[in-house]
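Number of protein chains: 2
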Amino acid sequence: MSKKTTIYDIAKKLNITAATVSRALNNNPKISEATRALVLKTAAKMNYEQNKLALALKSGKSFNVGVIVPRIDSNFFASVIRGIEEELHPEGYHVIICQTHDQKSLELANINSLLNAQVDGVLMSISNANDATKPNNPKEGIDIEENSIFDNLIKKNVPLIFFDRKKDIKGVSSIVIDDFKGAYDATQHLIDQGKKRIAHLSNNRDIEIFKNRYLGYKQALIDNGIAFDDNLVIECFSKVADGRKVTQKLLDMKEPPDAIFSVSDFSALGAIQEILEQDLKIPEDISVVGFSNEPFTKFMELSITSVDQSPTEMGRIAAKVFLEEVNNDSKIKSEKHVVLSPELMIRKSSLSSASSAVTA
Amino acid sequence: MSKKTTIYDIAKKLNITAATVSRALNNNPKISEATRALVLKTAAKMNYEQNKLALALKSGKSFNVGVIVPRIDSNFFASVIRGIEEELHPEGYHVIICQTHDQKSLELANINSLLNAQVDGVLMSISNANDATKPNNPKEGIDIEENSIFDNLIKKNVPLIFFDRKKDIKGVSSIVIDDFKGAYDATQHLIDQGKKRIAHLSNNRDIEIFKNRYLGYKQALIDNGIAFDDNLVIECFSKVADGRKVTQKLLDMKEPPDAIFSVSDFSALGAIQEILEQDLKIPEDISVVGFSNEPFTKFMELSITSVDQSPTEMGRIAAKVFLEEVNNDSKIKSEKHVVLSPELMIRKSSLSSASSAVTA
DNA sequence: TATATTTATGTAATCGATTACGAATGATGC
DNA sequence: GCATCATTCGTAATCGATTACATAAATATA
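Taken in order, these protein sequences are the chains called X and G.
For the first sequence, position 30 matches number 31 in our numbering, and the numbering has no gaps at all.
For the second sequence, position 247 matches number 248 in our numbering, and the numbering has no gaps at all.
You can trust all of the hints, since none of them are fake.
One copy or any two copies: either way a pair holds, since identical chains are not told apart in the list.
Cross-link-like lysine-lysine pairs, in silico, DSSO-like; alpha carbons within 30 Å at most:
hint, residue 1, residue 2
1, LYS321, LYS156
2, LYS332, LYS46
3, LYS46, LYS105
4, LYS105, LYS62
5, LYS171, LYS4
To be clear, the hints were calculated from the coordinates, so they are not data collected in a lab.
Build out the structure end to end from the sequences listed, making use of the hints.
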């Protein structure tokens with residue numbers, strides 16, 4: 002319908018050039034107050050709105066950032082994105098969402114696609130794809146083949162920020178929680194409740210967060226003089242059904258566990274369902290602790306103890322780190338590593354005595 | 002670091018012009034096979050990637066769409082966005098997320114901001130801000146002052162699609178669920194269970210969805226010969242705490258209700274908590290039905306009956322309608338109104354007899 | 001008054017692509 | 001051998017902004 006008005010339209014109407022209009026609109030000092038006022042008034046009258054696309058092409062800044070997550074319909078990722086959006090919106094940035102569904106190929110495709118769209122930065126949580134088929138690179142945390150996915154970003158000097166699930170790449174900042182501590186605290190809590198045979202529902206430990214939770218769990222056992230038993234550690238997906246399945250196996254053991262610490266709230270829920278099904282009592286017979294503090298853990302009548310990751314805060318900080326990097330003109334670039342402290346939310350699924358208060 | 006390579010770089014290297022390079026890259030027939038192959042090979046060698054920004058400026062298509070929601074960290078909206086992203090990504094579109102936090106001012110600001118960014122379309126669910134202070138326009142569903150928010154979009158011919166919370170605007174498509182039917186079915190179900198005094202936790206009925214749920218509830222009562230009692234309808238926010246508060250009032254009545262139908266799962270949960278607190282039995286004494294099928298309703302031990310809105314499907318369809326509109330070159334523009342049928346998920350919170358099966 | 005110095009504006013290049021138009025080349029037909 | 005035509009490629013405009021440089025006008029200085 003009505004074509005968008007450009008600075009040329011305004012220029013023509015006022016018999017001046019587009020350059021003058023541009024200067025008037027941008028508070029350039031080299032212009033008379035009279036013409037500035039005139040241009041501003043005319044621009045308003047003609048409903049002028051700056052074409053950010055043209056500006057982006059000229060300036061090389063699109064004021065768009067890409068956010069890549071495995072999926073958006075999980076409370077954790079949605080909350081992180083919420084934090085990112087809230088922090089970046091006032092600064093004039095738009096947030097572009099990409100999902101990988103845990104496929105490495107989509108991860109690469111999304112990065113390239115975002116680069117073509119000229120985003121000013123990429124904030125991402127890496128995918129959970131199973132890389133187990135490839136031989137592990139012995140150099141701790143550095144897998145050259147893997148990192149080549151991010152080469153394009155780094156070569157083009159586009160800020161990359163990892164949150165939650167990161168890779169160790171030189172020059173790349175990251176915001177994570179202290180997964181080791183989260184797991185350690187959860188395990189210690191179970192031990193404090195008198196539990197001695199604590200199982201661990203793990204997940205792909207090629208991913209740092211799952212490895213660290215595993216290590217935190219193990220260390221807490223060791224520090225309390227409890228023998229670590231490999232048979233009590235089972236890998237399982239973050240799904241209710243998978244949690245049920247592996248819990249069934251645990252309960253079938255000669256010496257079943259008296260507590261379960263899961264890296265996921267969903268598998269923790271599956272564990273609870275299976276335990277109750279077998280007419281065992283929670284937390285008396287078996288205590289259960291999850292991870293992520295998904296909303297439902299608080300809502301259940303038998304509320305589930307879980308580790309809160311303050312996802313919105315994580316998103317906010319990731320956004321702030323991005324802003325620092327993108328506004329840093331100096332050549333000295335520093336990577337920043339923020340580690341948030343997790344908070345154990347103690348609830349009914351693990352609180353043996355009625356004495357202590359339950360966290361809201 | 003390494004500047005991005007442009008078609009001019011390729012042209013210079015091959016001693017041809019950028020026009021030829023562009024033609025080679027775009028499968029333009031007016032070019033020899035020899036040069037095309039040469040250009041393609043050189044482009045690959047130089048790691049050429051098309052600058053979508055330049056393309057967008059030239060073509061007027063940014064291949065970005067804006068999605069505006071009250072907030073992203075609710076399962077419903079996150080799921081809708083998931084559907085939108087999954088449908089639009091294969092078509093080459095990026096999804097830009099904006100949150101309004103239910104503020105009309107942010108709604109307007111976001112629309113304008115997206116327009117400046119030259120998005121190809123806007124998919125949105127309108128905010129829940131209370132317009133009650135303004136006198137209602139008698140013309141059903143058409144509020145001129147309100148709609149002026151969308152004027153810019155319509156004037157510029159940018160496709161606008163509403164999902165879930167819509168306004169009736171000429172030429173604007175919408176995807177909603179049949180909220181009337183959802184509420185009707187829920188109420189009928191409660192009546193089928195023998196309930197006779199059914200309360201309704203409503204919400205701001207200036208919003209269509211809440212109005213329709215109210216009307217569906219009312220009609221079900223009437224159709225079953227149950228007198229409608231205004232005292233049993235209470236407005237309340239979609240929050241657990243608010244649900245508790247108003248339920249307390251309901252239970253304090255001389256004749257308390259024997260069932261509660263809530264427009265929100267969260268206030269339904271609050272209701273349940275309050276009911277159990279008062280040592281009443283669910284569903285024997287009081288049944289509770291929510292709306293939205295939030296994940297936690299299924300997970301609770303006392304699972305909550307709720308109305309599923311198939312949000313991912315809603316997002317997919319919204320995206321498809323957008324694609325139809327954006328790909329429609331003809332001048333005949335038609336608005337499309339898709340109404341999805343909601344599905345009542347019957348669970349323990351309302352199923353009196355153990356005879357019937359509970360939906361998963 | 002003549003010169004120096006601001007101040008305000010215009011000219012034109014630039015960002016990186018696409019494309020209408022025109023020109024050069026070679027092939028074809030008679 | 002020459003007109004005709006198709007093929008292939010170059011020229012230059014365009015999308016809508018910004019900005020270095022040039023220039024004209026206005027003001028200050030001696």
